[in-house]
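Trainee: What follows is each chain in one-letter form.
Protein chains: 2
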Amino acid sequence: MITALTAKSVYPHRSVCLIKDVGDGVIPCAIPYMIHTIPDPNQNIMGCGPLDKAEIETIIDKAIALNVEEKRIDLASGQSIFYDRLVLATGMMPAMPPVTGIRTPGVFGIEKSLSAMRTLRERCRQAERIVILGGGFIGAEFADEIARGSKAEVHVVEMMPKLLYFAFDDEFCDMIQQSLEEAGVHLHLNQRVVTIDGGEQVRSVTLEDGEKIPADLVIVGVGGKPNVALAAEAGLRITAGGSIWVDDYMRTNAQAIFAVGDCALKRDFFTRKEVPVWLASTATAEARIAGTNIYGIRVLRQIQGTIAAFSTKIGGKAFASAGLTCRGCGQEGFRWVCGRSIAPDRHPGTLPGAMPMHVKLVFADRAGTLLGGQAAGGESVGELINTIAVGIQKQLNVRELDMMQIATHPLLTSAPTVHPLINAAHMALAKLRGQASCP
Amino acid sequence: MITALTAKSVYPHRSVCLIKDVGDGVIPCAIPYMIHTIPDPNQNIMGCGPLDKAEIETIIDKAIALNVEEKRIDLASGQSIFYDRLVLATGMMPAMPPVTGIRTPGVFGIEKSLSAMRTLRERCRQAERIVILGGGFIGAEFADEIARGSKAEVHVVEMMPKLLYFAFDDEFCDMIQQSLEEAGVHLHLNQRVVTIDGGEQVRSVTLEDGEKIPADLVIVGVGGKPNVALAAEAGLRITAGGSIWVDDYMRTNAQAIFAVGDCALKRDFFTRKEVPVWLASTATAEARIAGTNIYGIRVLRQIQGTIAAFSTKIGGKAFASAGLTCRGCGQEGFRWVCGRSIAPDRHPGTLPGAMPMHVKLVFADRAGTLLGGQAAGGESVGELINTIAVGIQKQLNVRELDMMQIATHPLLTSAPTVHPLINAAHMALAKLRGQASCP
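Sequence lines, in order, name chains A and B. Residues in the first sequence are numbered from 6 upward in steps of one, following the numbering used here. Residues in the second sequence are numbered from 6 upward in steps of one, following the numbering used here.
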């Protein structure tokens with residue numbers, strides 16, 4: 006959608022056509038909230054209004070073949086479409102782990118259509134014991150939504166030592182886990198499911214350690230893999246990680262073909278390694294690059310690498326991360342120094358609605374360049390993390406951040422004297438100076 | 006406080022002493038909210054806890070003379086203190102306009118002490134008709150706080166054509182005015198007070214156009230002027246705007262004497278002109294620079310110029326601005342292009358608590374450098390403006406912002422496809438390309 010809208014905006018005299026195989030698509034990020042928070046599932050439909058308004062043709066059909074030589078797409082309906090320029094935005098497919106019984110009725114993956122979500126919503130509302138496979142964002146958000154919206158018993162099975170292990174350092178993972186446990190969610194960490202039992206209808210899930218969890222509904226949220234079948238069959242270059250290879254301008258190795266979003270190669274901002282970061286906001290940035298450069302790179306716009314900026318809300322508390330965690334630094338061999346700070350997100354902190362805001366910032370230990378940040382607190386964390394995200398992308402230095410001028414207000418933010426964004430930089434700087442502590 | 010804490014942190018073996026003349030100081034930014042929102046005025050006391058903890062000596066006394074030659078400060082109590090290094094952080098004095106009757110009982114300026122605020126709080130809670138002189142942040146926030154917290158009739162008299170005229174462009178001023186008018190506040194724009202009438206107790210206020218507004222309480226919030234008496238009498242250089250002159254390292258023209266905060270010269274980030282921008286967050290940034298460099302400029306840290314980043318909340322809606330407005334660009338001769346965008350601050354926009362978020366960004370019309378931004382919406386605007394503030398200070402370009410990767414979440418932010426921060430940049434970029442519109 007964003008590639009189409011951008012291309013039409015930059016090249017208004019070209020005709021743009023969008024082919025999609027799901028007619029009743031939903032806004033994907035809000036899928037967990039379709040169970041209880043969003044009163045009517047119709048409210049989360051991904052409409053075609055903006056496309057219609059921009060005079061972009063939309064075809065609901067499935068592309069089944071791509072002919073690179075003839076610049077032709079064949080559709081399931083039998084129709085063929087010839088193109089000047091093609092953009093592949095085929096997204097990803099939810100993964101179903103190779104577990105005995107994974108096809109048992111009552112086991113649901115996450116599908117991005119209204120009809121599938123209506124079914125899952127009804128099942129979630131009726132179920133008494135729900136097991137969620139995977140403790141990433143989808144798993145944690147579904148667990149929170151279901152546990153707080155109903156009386157169902159909720160279990161999450163995660164193979165890593167913590168929930169959201171790749172997104173946060175331990176202390177933030179722990180806050181998230183505590184919040185879920187307070188809502189009554191049962192966590193099974195360092196665990197895998199070995200069988201799903203039931204036959205006609207799921208009855209239980211058996212873990213590696215032999216524990217059998219009774220269940221009348223299983224939700225699978227273990228991630229996914231890029232949907233590259235069309236590209237691969239047409240001979241386009243596929244990466245080791247299973248994505249469509251693209252250059253920094255989102256061009257594939259085939260002439261006149263671009264790829265954007267979850268199906269396209271993501272390179273890490275700092276290491277340029279291929280990384281499995283599939284986020285709507287990253288896809289949107291890529292879409293704007295492809296849409297602008299589709300008829301020639303008139304404006305030098307390239308993706309700098311993916312920084313993995315995300316946020317979530319668990320148990321009424323917001324959590325967010327951008328760039329490298331300390332754990333990520335360790336794994337990649339980055340030497341780092343980190344600073345932490347906590348302050349109420351209103352001042353004075355006794356004001357109604359005030360919540361503690363935690364910020365942790367990670368900097369390169371000599372250069373002082375901002376590598377990443379994590380935050381937890383009230384809803385303003387959702388925008389706070391974007392200051393960090395922009396700072397990473399603009400290579401903000403710890404000394405610059407320490408003296409950054411920011412806006413503060415009693416009813417909206419922490420006090421200027423203790424704002425955790427600035428104070429965390431200040432703490433890191435004190436460590437860089439070799440001191441033990443600072444105010 | 007922040008200079009002292011920073012200096013003690015960077016030079017832990019030096020002894021640091023803070024002299025202040027108000028023993029019961031309050032957190033200044035929250036003063037308007039001491040009338041109703043903060044249940045107990047004691048909750049807004051500016052404590053000495055952090056100073057005590059850092060082993061900084063605090064003296065409650067008034068500095069009455071500075072002897073530069075002898076490096077000596079004389080106090081009202083008769084005591085004298087000799088210093089190695091001196092930092093002047095004498096702040097500003099609230100201005101009382103030269104109006105007949107300004108000293109009538111019942112006319113109150115804003116004093117930053119608990120005792121003064123207790124009196125004002127009682128008077129505000131008892132008053133039936135309140136006139137506020139000045140429609141800047143203080144005036145607008147007091148009007149909102151009083152009108153929503155009591156049945157008093159509230160009038161605001163402002164000499165400019167709009168409230169908050171120097172902070173926002175017209176459309177944002179209009180939103181703020183509408184919000185206040187909905188709360189029943191009476192606005193008198195393009196007006197000055199000529200007399201305050203009453204004698205023993207204020208009874209009314211007469212405007213330039215002859216209108217007489219009955220009043221039993223008058224609050225003066227027309228700004229102030231830097232408190233530079235001590236510095237001026239000691240022969241330090243004072244600027245044309247009435248501030249203590251400082252260089253980019255916060256050093257005055259006298260050896261070993263620094264100045265920070267409202268009393269010290271502020272230079273505009275873009276023009277380097279002296280500007281009357283007095284904000285706690287700017288003062289805090291300056292304090293960290295002075296505190297770090299006080300025994301020699303070991304770390305190159307200089308103030309880049311003041312960008313005036315601020316936020317407020319009026320009528321339950323947040324408003325914020327950073328850098329140049331379009332009006333400011335016009336006045337300073339900057340050629341600019343602006344982009345505007347509105348989207349719900351949740352996605353889908355039907356989620357509970359969703360509010361429309363307006364963002365307006367101003368860029369240099371050839372270079373595309375971010376010059377300023379304004380925003381209105383829910384509470385997350387308080388942190389959103391800091392992404393803009395950091396962007397200005399890091400000289401973010403419209404093309405970089407258009408492809409910036411940001412974090413989004415249904416319950417916390419706008420959708421990635423329409424986030425107003427990115428979309429406003431996209432709109433401005435379309436204008437830079439000479440197009441009429443874009444999606």
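Simulated from the structure, these hints should not be mistaken for laboratory data. Misleading hints may appear alongside valid ones.
Any copy will do: because identical chains look the same in the list, a pair fits if it lies in one copy or spans two.
[Claimed, not checked] Computed list of lysine to any residue pairs in SDA-like fashion (alpha-carbon distance at most 20 Å, straight line):
hint: 1; residue 1: Lys117; residue 2: Asp66
hint: 2; residue 1: Lys58; residue 2: Arg345
hint: 3; residue 1: Lys399; residue 2: Ile50
hint: 4; residue 1: Lys436; residue 2: Ala59
hint: 5; residue 1: Lys13; residue 2: Lys436
hint: 6; residue 1: Lys217; residue 2: Lys399
Just so you know, these numbers come straight off a predicted model, no measurement behind them.
Trainee: From the Cα coordinates, with 20 Å as the cut-off, is the pair Lys117 and Asp66 best called within, between, both, or neither?
Mentor: Answer is within: at 16 Å inside a copy they meet the 20 Å cutoff, but 68 Å across does not.
Trainee: With 20 Å as the alpha-carbon cut-off, assign the pair Lys399 and Ile50 to within, between, both or neither.
Mentor: For Lys399 and Ile50, neither the intra-copy (35 Å) nor the inter-copy (38 Å) Cα distance is at most 20 Å.
Trainee: At most 20 Å between C-alpha atoms: does Lys436 with Ala59 qualify within a copy, between copies, both, or neither?
Mentor: between (53 Å within a copy, 17 Å between copies)
Trainee: How do Lys58 and Arg345 come out at 20 Å by Cα distance, when the copy is not named: within, between, both, or neither?
Mentor: Classified as between: cross-chain Cα gap 19 Å, same-chain 47 Å, threshold 20 Å.
Trainee: Regarding Lys13 and Lys436, is the shortest C-alpha distance of 20 Å or less found within a copy, between copies, in both, or in neither?
Mentor: between (50 Å within a copy, 15 Å between copies)
Trainee: Since the copies are identical, ignore which copy is meant and state whether Lys217 and Lys399 lie within 20 Å (CA to CA) inside a copy, between copies, both or neither.
Mentor: neither (50 Å within a copy, 55 Å between copies)
Checked against the numbered hints listed earlier, the structure breaks hints 3, 6; every other hint is satisfied.
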